[in-house]
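Student: In case you want the letters, here they are:
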Amino acid sequence: MPVTIHLPSQLARLADGKRSISAGGATVGEAVEQAAAAYPALGPRLRDERGAPYPFVTFYLNDEDIRLAGGFARTIADGDELIVVPAVAGG
Amino acid sequence: MSQAEILRYSRHLILPEFGIESQRKLKAASVLLVGAGGLGSPAALYLAAAGVGHLGLVDFDVVDLTNLQRQIIHGTSDVGRPKLESARDRIAEMNPNVRVTTHDARLTASNALDIIRGYDLVVDGTDNFATRYLVNDACVLLGVPNVYGSIFRFVGQASVFAHSDGPCYRCLYPEPPPPGLVPSCAEGGVLGVLPGLVGVVQATEAIKLIAGIGETLVGRLLLVDALTMSFRTLKVSKDPACPACGTRVIRELIDYEQLCGLGQPAQGAQVAQATPVAEIEPHELDSRIRRGDVFDLIDVREPHEWTIARIAGAKLIPLGELERRVGELDPSREIVVHCKGGARSARAARLLADRGFGRVANLAGGITRWSEEVDPGVPRY
Numbered sequence: 169m170p171v172t173i174h175l176p177s178q179l180a181r182l183a184d185g186k187r188s189i190s191a192g193g194a195t196v197g198e199a200v201e202q203a204a205a206a207y208p209a210l211g212p213r214l215r216d217e218r219g220a221p222y223p224f225v226t227f228y229l230n231d232e233d234i235r236l237a238g239g240f241a242r243t244i245a246d247g248d249e250l251i252v253v254p255a256v257a258g259g
Numbered sequence: 189m190s191q192a193e194i195l196r197y198s199r200h201l202i203l204p205e206f207g208i209e210s211q212r213k214l215k216a217a218s219v220l221l222v223g224a225g226g227l228g229s230p231a232a233l234y235l236a237a238a239g240v241g242h243l244g245l246v247d248f249d250v251v252d253l254t255n256l257q258r259q260i261i262h263g264t265s266d267v268g269r270p271k272l273e274s275a276r277d278r279i280a281e282m283n284p285n286v287r288v289t290t291h292d293a294r295l296t297a298s299n300a301l302d303i304i305r306g307y308d309l310v311v312d313g314t315d316n317f318a319t320r321y322l323v324n325d326a327c328v329l330l331g332v333p334n335v336y337g338s339i340f341r342f343v344g345q346a347s348v349f350a351h352s353d354g355p356c357y358r359c360l361y362p363e364p365p366p367p368g369l370v371p372s373c374a375e376g377g378v379l380g381v382l383p384g385l386v387g388v389v390q391a392t393e394a395i396k397l398i399a400g401i402g403e404t405l406v407g408r409l410l411l412v413d414a415l416t417m418s419f420r421t422l423k424v425s426k427d428p429a430c431p432a433c434g435t436r437v438i439r440e441l442i443d444y445e446q447l448c449g450l451g452q453p454a455q456g457a458q459v460a461q462a463t464p465v466a467e468i469e470p471h472e473l474d475s476r477i478r479r480g481d482v483f484d485l486i487d488v489r490e491p492h493e494w495t496i497a498r499i500a501g502a503k504l505i506p507l508g509e510l511e512r513r514v515g516e517l518d519p520s521r522e523i524v525v526h527c528k529g530g531a532r533s534a535r536a537a538r539l540l541a542d543r544g545f546g547r548v549a550n551l552a553g554g555i556t557r558w559s560e561e562v563d564p565g566v567p568r569y
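Each protein sequence line maps, in turn, to chains A and B.
Plus 168 on top of the position in the first sequence (first one is 1) and you've got my numbering.
Plus 188 on top of the position in the second sequence (first one is 1) and you've got my numbering.
Isolated chain A, as found in the complex (with noise of 0.2 Å):
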């Protein structure tokens, strides 16, 4: 089930310069952890030690922030799009 991780361009300079990416699994969860396994760099930025998500990296599946929606729990479709949104505090 190929769902297509978007990184915004500070993510992306650890997936080899890749906006997104291709990962698979039943669950956002894995589809990360997929992510993780294919690029090590990206990993810890995406969640923590354990797997669990950040409550500042917010994920949004379809546009929909999964927070809200079973966090890495929530199925994954084939063809889903996935988008990662780092917390940043610059001004």
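Don't take every hint at face value.
[Said to hold, decoys possible] With a cut-off of at most 35 Å between alpha-carbon atoms, the simulated DSBU-like pairs for lysine-lysine come out as follows:
| # | chain 1 | residue 1 | chain 2 | residue 2 |
| --- | --- | --- | --- | --- |
| 1 | A | LYS186 | B | LYS213 |
| 2 | B | LYS426 | B | LYS215 |
| 3 | B | LYS503 | A | LYS186 |
| 4 | B | LYS426 | B | LYS213 |
| 5 | B | LYS213 | B | LYS503 |
| 6 | B | LYS423 | A | LYS186 |
| 7 | B | LYS396 | B | LYS215 |
| 8 | B | LYS423 | B | LYS213 |
| 9 | B | LYS396 | B | LYS423 |
[Said to hold, decoys possible] Residues of chain B placed beyond 12 Å of chain A at every Cβ, according to the derived structure:
| # | residue |
| --- | --- |
| 10 | ASN316 |
| 11 | ALA318 |
| 12 | GLY402 |
| 13 | GLU403 |
| 14 | THR404 |
| 15 | THR421 |
| 16 | ALA429 |
| 17 | LEU517 |
Keep in mind that the hints were calculated from the coordinates and are not lab data.
Given the structure is predicted, the values throughout are model-derived calculations rather than measurements.
All C-beta atoms, glycine included, are put in the ideal place defined by N, C-alpha and C.
Starting from the structure of chain A, add chain B where the hints point.
Tutor: Only chain B this time, still in chain A's reference frame:
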């Protein structure tokens, strides 16, 4: 409205969706800009030009040469002046009809409610997580809309929080990252025009909120990526469990330094991260190099920073490669690590200490203080 004002704002007045009523609303409005930096500069200039009657500015900083690449409210002759003075003068030149109130202070839990109270809305142009959570909570408590903008490197975000039934910043990000995980613009850099893009979006939203026109970013997050020039809006839902705007268990302002892990170390994993590391002052390092003391000087910055400036005798091992390349270092030797300002090298020092390196010191203030205090021939950046 005077004849001169009617002429000044004529391009607004002839917009059928805007007209003289919206212009009068702008004139009657009070907007507080928190931060007169990258975001605050364009936002303040456009709000002044548009005819917002009263602008408040909160800042405590002075204009630095490194600000001018993006903080367009300040000029070269303003370097060394308080940003509030520089911004006030520029606004007066832009539009003398605008009344400016300056708040010469760092926004804190003890002054935020007093400063924000009385303004119709806030434009958040701060540069750190602690102040962003503070601005959010204060706006929620006071019921003052928070026109949010944030930038880093090539990406920006904008939204409107704390507006009537809309979500707040904590609905989007319940907690801040631990210190050191997300670099600041001073560490990570920022494309100078990016705060222009995002700050002008904030000014646009402020004007629409005041005038009561159009569809605002309430409940939506705008993502801007200057590198690909892509704009995307995502839905931000109000979280019923949000302690600020949902359950409202936050009834007063809290300790935001502690929330962001900057004060007392929190429990568990945070403690290790906050463990202090030995520091060496620039002059002390200089003396030791001159004495011929034996130690390894490791620069943990990125290669593109190394090409800008370096300390003679240092070896480059970027922080991200340190774990993999730790075998290149001899644990029996003393090691001094440095970066640009001292934050990344503090993490490097902890990493080395965890790997059994017994004698590790971090250069206080990094290569920046080295340039200021020891070798002015090393460029500051």
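Student: Against this structure, judge whether each hint is valid.
Tutor: Evaluation of the provided hints:
| no. | hint | result |
| --- | --- | --- |
| 1 | LYS186/A <-> LYS213/B | 47 Å, violated |
| 2 | LYS426/B <-> LYS215/B | 32 Å, holds |
| 3 | LYS503/B <-> LYS186/A | 29 Å, holds |
| 4 | LYS426/B <-> LYS213/B | 28 Å, holds |
| 5 | LYS213/B <-> LYS503/B | 60 Å, violated |
| 6 | LYS423/B <-> LYS186/A | 25 Å, holds |
| 7 | LYS396/B <-> LYS215/B | 13 Å, holds |
| 8 | LYS423/B <-> LYS213/B | 29 Å, holds |
| 9 | LYS396/B <-> LYS423/B | 19 Å, holds |
| 10 | ASN316 | 5 Å, violated |
| 11 | ALA318 | 9 Å, violated |
| 12 | GLY402 | 21 Å, holds |
| 13 | GLU403 | 16 Å, holds |
| 14 | THR404 | 18 Å, holds |
| 15 | THR421 | 9 Å, violated |
| 16 | ALA429 | 9 Å, violated |
| 17 | LEU517 | 20 Å, holds |
Checked against the numbered hints above, the structure breaks hints 1, 5, 10, 11, 15 and 16 and satisfies the rest.
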